[in-house]
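Undergrad: Here is what each chain is made of, one letter per residue.
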Amino acid sequence: MRLDPQIRDWVLFPIVIIVFLVSVIRHYLFSIIPSKKPAVDKDTQREQQLLIRSNRICKNANMISKRSFISRQPFFLDETNGELNQDSKQKPLAMSMMFDPSMMTNMMKGSMGNMIPQVVLGQLISYLFKGFLVVKLPFFLPARFKTMLQQGIGLSSLDSSFVSSLSWYFMVYFGLSGIINLLFQAKDVLVHSYFSPIKEQMRQIQVPRPTPAPSATPSLGNMGATDKKDTLRNEKENWKMIDHWFDIQNSELELIGKPITQEKVVKKQSTSKTQIPKKIKSQNKKMKNTSPKTRKRITKKKK
Amino acid sequence: MNKNLQILKNKPNNWKAARGLLREYREKQQRNSYEIMKYGLPLIKKNSKRLSKEELFEVMEQVFLAGLDVNLEESNALLLKLQKQFPKSLRVTKLSGLFEEAMGHWKNAQIIYQSILKDNPSDQIAQKRLVCISKAQGNTKLTIQNLNKYLSHFQGDTEAWEELLDLYLSQQCYSKALFCCEELILAEPDNYQHHYQIANIYYTIGKRSDLIKARQYYAHSIKLLEEQNLKSFYGLYLTTNKLKTLFSRNLNQSETQINEQLLQFAKDKIKKFYLQKEDNNTKTTVLELLEIDN
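If you read the protein sequences in the order shown, they are chains W and H. Each residue of the first sequence is one higher than the last, beginning at 21 in this note's numbering. Each residue of the second sequence is one higher than the last, beginning at 1119 in this note's numbering.
If we strip away everything but chain H, and leave its shape as in the complex, we get (with noise of 0.2 Å):
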């Protein structure tokens, strides 16, 4: 566990281990929202002599954003200082569009953001918060537009694929979610997530050219990382099992043995893995399933 964690565990009131947990926060710009509350409020309202003007200012604002998913009433007072501060701040009144939208109020903060897309037309983060607040308010058809307007303008930006893949993904418009898995694997072609999400895709649709290409993805997803990726195994295992039972008159000699040769490997693997673990009632249901298509 973390040692600024830890510290505080057992002496709450510790100001310079809150201070340290909440550089760290920020650095990795994690969103551990209930501890940045718990020990960076204190960290305002009784130690602010003991930071700098500057580092007041960012754990005012950490903890703002914390206060928007736990504490609502902190935020707002915290926004009105903030505000007082910095009146005619681009950043501060960022944030009080986000305080409205986590209040509900989706009209209000439309209207900020489009005002300040006025004097900054080319300012990403209220771009993109604009297409958070339809997807809020549940819209999806809505939403999906608005993030491919956005897109058509950010292409790089690997977070709105990610979004607009889950969206297809939910309305199961699999191949526009292909291209969209496609976009994130050639952003980050290490990341084994998007090479095991394409290869479900891939599954999903079906036919016999996409589960072969399903169970290569799953392979290379394997390839990555073996160590804690028991579901793309399972995946090649499922693949694999399909293209055997439904397929096995399309395929060619050696494209039946790679297959077969793939089955068996997953299924080892997989073996392997729960005679690991201590036994319970999935251990043994696993390995019975396992045993049956043999």
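Bound conformation, chain W alone (with noise of 0.2 Å):
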């Protein structure tokens, strides 16, 4: 079975060549509209950068040594001081979209410039080629596809793989915008300056995902109030996952060839959060890596 050439000549190529032009048309158009960048709150950034400094903690804290891990977990941690027991002084995605007027034009330019031409295209093209098969789709498709994909064609018994001009469009529409961010990133390549706007919002969106907290409340893009609150308490999950032990130590012994070991700490109730009482400190302090000589002297003089 073969295509008419008059259906390639007059509606594929037509097809490809209107869609590539409609976003030629509305990337020149995007690109002389103004749009203002959103200004990143002072505050949404400072906890932007408490977030990626308290990832990075968690992520090497076998780098450095016990001491220095546990005299920055209060910092994190502590009851009324933390900064990670404070309310996520952000606000709520929603709340701020709806009342910031450079917010909402540049949502307008986001979904709608993008929504209300696709939509409009695919409405004017199922008009102008209704009621022909266009293509035949090379892999096979279950029968429930054909409502979708033969519009305005009545014949049940026909393969569902014969497709007509709405889906080709389809297909073209986001084929095509790979290649056209190929043809419009080659300007986009020039732009490496320190102080080029697209660098700086480069240092601005380093922020780590957001670990899962335990009480999975299915978030929608964090559109609730209650969410953004709780960024930060969020975080605290990190610090509890975290078994110090300081990796360092292991080094040395690799270049001369010793057997690596690993204490695992078997730790029975909790974190290391727990207070250790100051006299049992000391102690420890002094018997810890100490000749056998002078730990007689100290236990000597206890007695």
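Among the hints, a few may not be true.
[What the hints assert, rightly or not] Among chain W residues calculated to face chain H with C-beta under 7 Å, some are:
| id | residue |
| --- | --- |
| 1 | R76 |
| 2 | H212 |
| 3 | F215 |
[Claimed, not checked] Below are the DSBU-like pairs computed for lysine-lysine, each with C-alpha atoms no more than 35 Å apart in a straight line:
| id | chain 1 | residue 1 | chain 2 | residue 2 |
| --- | --- | --- | --- | --- |
| 4 | H | K1385 | W | K313 |
| 5 | H | K1325 | W | K278 |
| 6 | H | K1259 | W | K109 |
| 7 | W | K79 | H | K1259 |
| 8 | H | K1267 | H | K1225 |
| 9 | W | K86 | H | K1325 |
| 10 | H | K1236 | H | K1206 |
| 11 | H | K1385 | W | K62 |
| 12 | H | K1325 | W | K316 |
| 13 | W | K62 | H | K1212 |
| 14 | H | K1362 | W | K86 |
| 15 | H | K1267 | W | K219 |
[As the list claims (entries may be wrong)] Every beta carbon over 10 Å from chain W, so not counted as near; a handful from chain H, in silico:
| id | residue |
| --- | --- |
| 16 | E1219 |
| 17 | I1303 |
| 18 | A1337 |
To be clear, the hints were calculated from the coordinates, so they are not data collected in a lab. Note that the structure is predicted; figures quoted are calculated from it, not measured. Note that beta-carbon positions come from the ideal geometry of N, C-alpha and C, so glycine has one too.
Relying on the hints, combine the two individually framed chains into one complex.
TA: Take a look at the structure:
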């Protein structure tokens, strides 16, 4: 079965050309209309950086001595003043989007600018090229897709891989978006300056993905106000999972070829938050890493 | 050497090579001011039509920044052009602030940055430059204060932690310098330089437990990079030697054994390195000194 050359000339290629031209026009229109970047709130910025640092510490905690690690804990985890126990001061996105005018224009541009031409064009094409088949898809589709892909054709027995012009339009649309990105990216490559707005955005958007809290409320992109409040508290999960072992100790043993031992301290009850009473602390200090002579001296003193 | 640089040394008028070179420097954010000025300025003055408009202004900014190091007059001219083209631009205001700093007009620069911060309170670059101004004026105490304030807000800024480390070391506050160095290690755990630096600090503090930590960090630095890391081997040699001579009675048997082995390891590596080199004064001196401790 072969495709009528007239369909090929007057349907397939024109749809490709139409989609391409519309995307190009849209790109230039967007670059003409000035869009104000949403100004990053100072508090949000601080919290983003806080999360970055907290993440770093949890990730590489084994590279610093135990003392240093413990000294950083109160800053984050202290009951009253610790950073991760504060309410997040980030404004919930939904609210700020409604009322901030500059954000409105951005949103409009973003979603509407993409959706409206797509819908309008789709309707136009299905109206213009109505009632005939255009493409045979090379893969097999179940019969359910017939209503979607064979609009305007009433043959229920026809193979589902024969599709109408509307589905060809969708395929072209999604396919060309990649090529168009490549074409318009050539100019973005030139922008590497330290002061360029793209680089500034890159510096801001280094926030690590938030760890999933165990009480997983299905988050619809963090629209709820309560979610935002707890962004900092959710970070505490990372800290609880750390079992600190000073990894650097192994490096010197590796160099001289000794077997590496990693003591895994069996934690019976809780995390490293347990307060060791002061007396025992000082005793441990004295007894650690001492030669047998000094140990005898210390125990003698106690007697 | 750089391919474009080679072409330019033979044919200094080749605008394509100049453009390619400047693009590379922009991508890698390298600060080769002399070269950028030498090849970028003719590109702007003679061949400006060969560059697209966007690239022309990017190159102008790049040459401007290079001129702050090398040739302030040209920078001034470029700044005026940029201000004419982009009259109310935030980016150009920042560049004018940089120019005032380069001229040494600290108050003017401060006024500019503070006006930027009034309109854009979350602007990172302006806040950073304010700290840089106090450093350029030589006021170390004030710089440390300002930098701490900056860091309490921007806790993830590795550059700033490095700067604070240098400042504390210059003031010999070793415990605080340790904290900063640890932040650097946490940020970039694979960077052998940070481990080397923290080992240096531990060695300088010099108590027994610190020397052991220094030894461990030197060993880790060696583990990360062996080839061009002779300084870590020296560090390892010095710490193990110091532990052996000063703290021998505080180490138990297994520890003295580890120490001895590490000392021998470091010595062998240093010897091996110098034996590869040609004969010169340094070589003979080092080999003699290594023999003395035997």
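Undergrad: Next, verify each hint and record whether it holds.
TA: Hint check:
1. R76: Since the shortest Cβ distance to chain H is 5 Å, the answer is holds.
2. H212: With a closest approach of 4 Å, the H212(W) hint holds.
3. F215: F215(W) check passes; min Cβ-Cβ to chain H is 5 Å, inside 7 Å.
4. K1385(H) - K313(W): holds (31 Å)
5. K1325(H) - K278(W): holds (25 Å)
6. K1259(H) - K109(W): holds (32 Å)
7. K79(W) - K1259(H): The hint holds at about 33 Å.
8. K1267(H) - K1225(H): holds (20 Å)
9. K86(W) - K1325(H): holds (17 Å)
10. K1236(H) - K1206(H): holds (15 Å)
11. K1385(H) - K62(W): With a Cα-Cα distance of about 53 Å, the restraint between K1385(H) and K62(W) is violated, given a limit of 35 Å.
12. K1325(H) - K316(W): holds (22 Å)
13. K62(W) - K1212(H): At roughly 19 Å apart (the allowed maximum being 35 Å), K1212(H) and K62(W) satisfy the hint.
14. K1362(H) - K86(W): holds (25 Å)
15. K1267(H) - K219(W): Holds, at about 24 Å.
16. E1219: holds (14 Å)
17. I1303: Given that some Cβ of chain W is not farther than 10 Å from that of I1303(H), nearest at about 5 Å, it is violated.
18. A1337: violated (4 Å)
This entry does not satisfy hints 11, 17 and 18, going by the numbered hints stated previously.
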